[in-house]
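Undergrad: Spelled out, the chains give:
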Amino acid sequence: MDKKELLKTAVKVRKGIVTAVHGAKAGHPGGSLSAADIFTYLYFEEMKVDPKNPKDPDRDRFVLSKGHTAPGLYSALAYRGFFPVEDLPTLRHLGSYLQGHPDMKHIPGVDMSSGSLGQGLSAACGMALAGKLDNKNYRVYCLCGDGEIQEGQIWEAAMFAGARKLDNLCVIVDNNNLQIDGPITEVCDPYPIDKKFEAFNFHVINVADGNDMDQLKSAFDEAKTVKGKPVCIVAKTVKGKGVSFMENQVGWHGKAPNDEEYATAMSDLEKLEAAL
Amino acid sequence: MSEEIKKIATRESYGNALAMYGEEYPNLVVLDADLANATKTGVFQKKYPDRHIDCGIAEADMTGIAAGLATCGKIPFISSFAMFAAGRNFEVVRNSIGYPHLNVKIGATHAGITVGEDGASHQALEDIALMRTIPGMTVVCPSDDIETKAAVKAALEMDGPFYMRTSRAASPVFNDNPDYRFELGKGITLKDGKDITIIATGVEVSYSMEAAKMLEADGVDARVINIHTIKPIDEDIIVKAAKETKKIFTVEEAFVTGGLGSAVTEVVSEKNPATVHRLGMQDVFGESGSWSALLEKYELDAKGIYNQIKKLL
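Residue numbers (the numbering used here), protein chains in the order written: chain W, 1 to 276; chain H, 277 to 589.
Next comes chain H alone, as it looks inside the complex:
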């Protein structure tokens, strides 16, 4: 029998992390907009009922309330689906949190195409693009349970607005090694390689690792980099990859326009021009289906990534 890999959705890790840090950070408060069950903040709510505020189905108001709480020294985490937390809310986040640079953390769950069955109306593909245009906003997309918890801790330790997108899909836990160290703004080289570089974020990191193994069998030595912090992005690790390998492939389950693909391309084109192929959602809306079927259709599972890279090599 093969060894079973533990899988957990990063949204679940997010809720668990909040509950885990509740005691250490007495100013931490958690706000929801009638989705505490789905955003998994219910664990925090159970443990700290007085510090969990359900604002009802009113994301803009929740965001403003968090801003007000932050002016009084609280560290609010606001939770909702990425579609609402970043999309519906964009201008409130920009003006009530970003402009005054308030210490509000946005825990956006259900990001990307892996929302699955709910379909296009709920699949936020543009949240990275939106959030990274806000000056002073940190944008994080963790790849597994361990990274999500580390990111929540980092958010609590830093002062200023922070956006984290987590996924509904179960992700294998792979950062459980003693050398793992999370630092905001620092990418992680998971596998060295000299031919090409795959730069991935979020749930796409583990698929990219699998794809790299498949490429290896074909004699392609692929480097794999996990970019958990999309803003501020780790320019050094990207420039190094552009210099040392022939091509860069970015992988995300979001729009490549404005997303990780754009962020990497911006660095490469300005600092060390090289070819970047952006894998992810192109200029189309998603649709209903299981998250695994969707990843297969849009060629964002391991096999899809492998196939796309092979065609572009």
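Only chain W is shown next, with the shape it has when bound in the complex:
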């Protein structure tokens, strides 16, 4: 996909996020929007996946360790063709397969159930290890939150990945700098994130603007060349990116827009689309 198409797709994914969360009257728009470009790049450019064969044993895998940003994943999966885009507003509704957090049993394209923070990276390690045991070439991608890495299990998993030299594993930290209780530096400062992963024997790639497709491309391209080490991409992003009143606002971590806010958000995104 060329860059313009990717940018257009990212706007669609953002619209899907806002629509889903508005339909649910609950959910997590802030961290879904900060990672929207990462979701888009992974599902439309980077990963080998086939919506017609979502369980292909040779596919690349994705684990959303920061599972509360399910609207971002669902929107990307829907636009990629795993299920109808029209279903996005049923998010979190009783009877909908679009559960509040990723559910691998019922949602096509979801490779691992998640939601309880800190657990996804271990599962991603297991998938990467299975690939090594079976001499398969698939890659495993795992998206973590910068607040999420306060969980101790993340570092158990990071130690394992480094020790086992899982070079088919690529961790992305969505470094939007905000968590529910405030800026990550004020809640319980996890910095320096890059040096921590380096110390756990990762090859670390810092991305100055994780909402920029060119920078994401160069990071993911570099990640694929690394041998003998897992990779961690620390992507600086803007929470709520693309919706003017949500950007960098901690209050939009886990809140749905009302009808009026929804209209404003969609108009913001339409302007972005028109400018492309």
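It is worth saying that the hints were derived from the structure and are not from the lab.
Wrong hints could be hidden among the right ones.
Claimed, not checked - Anything over 10 angstroms on all C-beta distances counts as not near chain H; from chain W, calculated:
| # | residue |
| --- | --- |
| 1 | Ala26 |
| 2 | Phe44 |
| 3 | Leu94 |
| 4 | Asp111 |
| 5 | Gln119 |
| 6 | Ala128 |
| 7 | Ala157 |
| 8 | Ala163 |
| 9 | Lys165 |
| 10 | Ala199 |
| 11 | Asp209 |
| 12 | Lys227 |
| 13 | Gly228 |
| 14 | Glu247 |
| 15 | Lys255 |
As the list claims (entries may be wrong) - Straight-line Cα separation of at most 27 angstroms, DSS-like style, residue types lysine-lysine; simulated pairs:
| # | chain 1 | residue 1 | chain 2 | residue 2 |
| --- | --- | --- | --- | --- |
| 16 | H | Lys323 | W | Lys132 |
| 17 | W | Lys48 | W | Lys271 |
| 18 | W | Lys105 | H | Lys507 |
| 19 | W | Lys165 | W | Lys8 |
| 20 | H | Lys523 | H | Lys489 |
| 21 | H | Lys507 | H | Lys467 |
| 22 | W | Lys217 | W | Lys196 |
| 23 | H | Lys282 | H | Lys573 |
| 24 | H | Lys586 | H | Lys489 |
| 25 | H | Lys282 | H | Lys579 |
| 26 | W | Lys12 | W | Lys136 |
| 27 | H | Lys573 | H | Lys586 |
| 28 | H | Lys573 | H | Lys523 |
| 29 | W | Lys12 | W | Lys25 |
| 30 | W | Lys136 | H | Lys322 |
| 31 | H | Lys322 | W | Lys132 |
| 32 | W | Lys165 | H | Lys323 |
| 33 | H | Lys323 | W | Lys136 |
| 34 | W | Lys105 | H | Lys470 |
| 35 | H | Lys523 | W | Lys165 |
| 36 | H | Lys470 | H | Lys587 |
Said to hold, decoys possible - Among chain H residues calculated to face chain W with C-beta under 10 angstroms, some are:
| # | residue |
| --- | --- |
| 37 | Gly332 |
| 38 | Ala342 |
| 39 | Gly344 |
| 40 | Val368 |
We treat Cβ as the ideally placed atom computed from N, Cα and C, and that holds for glycine.
On the provided structure of chain W, position chain H as indicated by the hints.
TA: Coordinates of chain H only, in the frame set by chain W:
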């Protein structure tokens, strides 16, 4: 000289079973958290070094790794002490294995008071209670070497999460008869009886058999049932006992709250109300001591079971 009864700890049987089935099940992989020597999976490790993964002292991570392996078609057995495999790990087991109903097997060794000298910090008394609340989780507590091996085989044959608690204490091998048949969810009547029923699990099964013999000398005809699968539990065999005998006694070396005692009581109270006395660990932590001394103190050896039943009759 009396005939010597072969004794083997079920944790040892667990390790041997894994090694035994390694060839038949090429997708079987075994994970440990720095306790391969104690969980006895070292035998498997020696035979299949590439399929044994030591995750270090990181039980939660080991559990998640197993979940990831299972999504890729592996059949992981994760091994640790029951305290960590079920206790420390509860929420990871629930969310990373139980909720997605992944084909992960949990081999929890050192369950119950019979851990012995390590003391209360390592004596998992609540693991049955914890594991049986997880939807779709099979919970097994085998009584001897033969049953443990059969349970491992059954785990390999079924799809879905499976929890097996084994013991550090040496248990007499008594299921070595040609009629023995292991089926998940089916209790085994070891001795028929018409007065009372003793329903036991794990290492307590052989003690309960001994206690039944002692009761027989007093003229009490006790039925003895081995419940190796605590979930799904064999309701029929329990209801039948409630109908045909006057009282039920459950015996386990775990907390009666949430354990076998609770599981049996739930069935009886809903299907055929009858009196159930729950023998096991009451609302107290364990302590250090040899496993035999502890069983004596908490009246969970044959004599203790006999004494408790006599008082309650």
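Undergrad: Now look at each hint and say whether the structure bears it out.
TA: Comparing the hints with the structure gives:
Listed as outside the interface, alanine 26 (chain W) is consistent with that label: its C-beta sits roughly 20 angstroms from the nearest C-beta of chain H, beyond the 10 angstroms cut-off. With a minimum CB-CB distance of about 23 angstroms to chain H, phenylalanine 44 (chain W) clears the 10 angstroms threshold, and the non-interface call stands. At the 10 angstroms boundary, the C-beta of leucine 94 (chain W) stays outside the reach of chain H, the nearest C-beta of that chain being 18 angstroms off. Non-interface status of aspartate 111 (chain W) relative to chain H is broken: a Cβ of that chain comes within 10 angstroms, the nearest being about 7 angstroms off.
Under the 10 angstroms C-beta cut-off, the non-interface status given to glutamine 119 (chain W) relative to chain H is violated; the minimum distance is some 5 angstroms. Under the 10 angstroms C-beta cut-off, the non-interface status given to alanine 128 (chain W) relative to chain H is violated; the minimum distance is some 8 angstroms. For alanine 157 (chain W), the shortest C-beta to C-beta distance to chain H comes to about 5 angstroms, within the 10 angstroms cut-off, and the non-interface label is violated. Here alanine 163 (chain W) does not stay apart from chain H, with its beta-carbon only about 8 angstroms from theirs, under the 10 angstroms limit.
Taking the minimum C-beta to C-beta distance to chain H, about 13 angstroms, the non-interface status of lysine 165 (chain W) holds against the 10 angstroms cut. Against the 10 angstroms criterion, alanine 199 (chain W) stays outside the reach of chain H, whose nearest CB is about 16 angstroms from its own CB. Distance check on aspartate 209 (chain W): its Cβ is at least 31 angstroms (rounded) from any Cβ of chain H, clearing the 10 angstroms threshold; non-interface status holds. For lysine 227 (chain W), the non-interface assignment is confirmed: its Cβ lies about 20 angstroms from the closest Cβ of chain H, beyond the 10 angstroms cut-off.
The non-interface label for glycine 228 (chain W) is consistent with chain H: the shortest C-beta to C-beta separation is roughly 18 angstroms, beyond 10 angstroms. No beta-carbon of chain H comes within 10 angstroms of the beta-carbon of glutamate 247 (chain W); the shortest separation is about 31 angstroms. Chain H leaves lysine 255 (chain W) outside its interface by the beta-carbon criterion, the shortest separation being 24 angstroms against a cut-off of 10 angstroms. Proposed proximity of lysine 323 (chain H) and lysine 132 (chain W) is supported: the alpha carbons are some 19 angstroms apart, at most 27 angstroms.
Restraint check: the Cα-Cα separation between lysine 48 (chain W) and lysine 271 (chain W) comes to about 31 angstroms, which exceeds 27 angstroms; the hinted pair is violated. Distance hint between lysine 105 (chain W) and lysine 507 (chain H) is fulfilled; the C-alpha atoms sit about 22 angstroms from each other, no more than 27 angstroms. Simply put, lysine 165 (chain W) and lysine 8 (chain W) have alpha-carbon atoms about 36 angstroms apart, too far for the 27 angstroms limit, and the pair is violated. Simply put, lysine 523 (chain H) and lysine 489 (chain H) have alpha-carbon atoms about 17 angstroms apart, close enough for the 27 angstroms limit, and the pair holds.
With a C-alpha separation of about 22 angstroms, the suggested pairing of lysine 507 (chain H) with lysine 467 (chain H) holds against the 27 angstroms cut-off. Restraint check for lysine 217 (chain W) and lysine 196 (chain W): the C-alpha separation of about 23 angstroms stays at or below 27 angstroms, so the hint holds. Straight-line distance between C-alpha atoms of lysine 282 (chain H) and lysine 573 (chain H) comes to about 25 angstroms, which keeps the hinted pair within the 27 angstroms bound. Distance hint between lysine 586 (chain H) and lysine 489 (chain H) is fulfilled; the C-alpha atoms sit about 13 angstroms from each other, no more than 27 angstroms.
Proximity of lysine 282 (chain H) to lysine 579 (chain H) is assessed by CA-CA distance (about 21 angstroms); at most 27 angstroms being required, the pair is judged to hold. A threshold of 27 angstroms between alpha carbons decides the hint, and for lysine 12 (chain W) with lysine 136 (chain W) the separation of about 33 angstroms lies outside it, so the pair is violated. The straight-line distance between the Cα atoms of lysine 573 (chain H) and lysine 586 (chain H) is roughly 17 angstroms, inside the 27 angstroms bound, and the hint therefore holds. Of the supplied pair hints, the one linking lysine 573 (chain H) and lysine 523 (chain H) holds, its CA atoms being roughly 24 angstroms apart against a limit of 27 angstroms.
Simply put, lysine 12 (chain W) and lysine 25 (chain W) have alpha-carbon atoms about 20 angstroms apart, close enough for the 27 angstroms limit, and the pair holds. Pair hint lysine 136 (chain W) plus lysine 322 (chain H) holds up; C-alpha atoms about 25 angstroms apart against a cutoff of 27 angstroms. At roughly 20 angstroms between alpha-carbon atoms, lysine 322 (chain H) and lysine 132 (chain W) fall within 27 angstroms of each other, so this suggested pair holds. Distance hint between lysine 165 (chain W) and lysine 323 (chain H) is fulfilled; the C-alpha atoms sit about 23 angstroms from each other, no more than 27 angstroms.
At most 27 angstroms may separate the alpha-carbon atoms for a hinted pair to count; lysine 323 (chain H) and lysine 136 (chain W) meet this at roughly 23 angstroms. A hinted pair counts as satisfied when its Cα atoms are at most 27 angstroms apart, and lysine 105 (chain W) with lysine 470 (chain H) does not qualify at roughly 47 angstroms. For the proposed pair lysine 523 (chain H) and lysine 165 (chain W), the alpha carbon gap of about 59 angstroms is over 27 angstroms, so the pair is violated. A distance of roughly 19 angstroms separates the Cα atoms of lysine 470 (chain H) and lysine 587 (chain H); the hinted pair therefore holds under the 27 angstroms criterion.
Because the beta carbon of glycine 332 (chain H) sits about 7 angstroms from the nearest beta carbon in chain W, less than 10 angstroms, this interface hint is met. Interface restraint check: alanine 342 (chain H) against chain W, minimum CB-CB distance 6 angstroms, threshold 10 angstroms, status holds. Residue-level restraint check for glycine 344 (chain H) holds (minimum Cβ-Cβ distance to chain W is 2 angstroms; threshold 10 angstroms). Taking 10 angstroms as the C-beta contact cut-off toward chain W, the hint placing valine 368 (chain H) at the interface holds, the least distance being around 6 angstroms.
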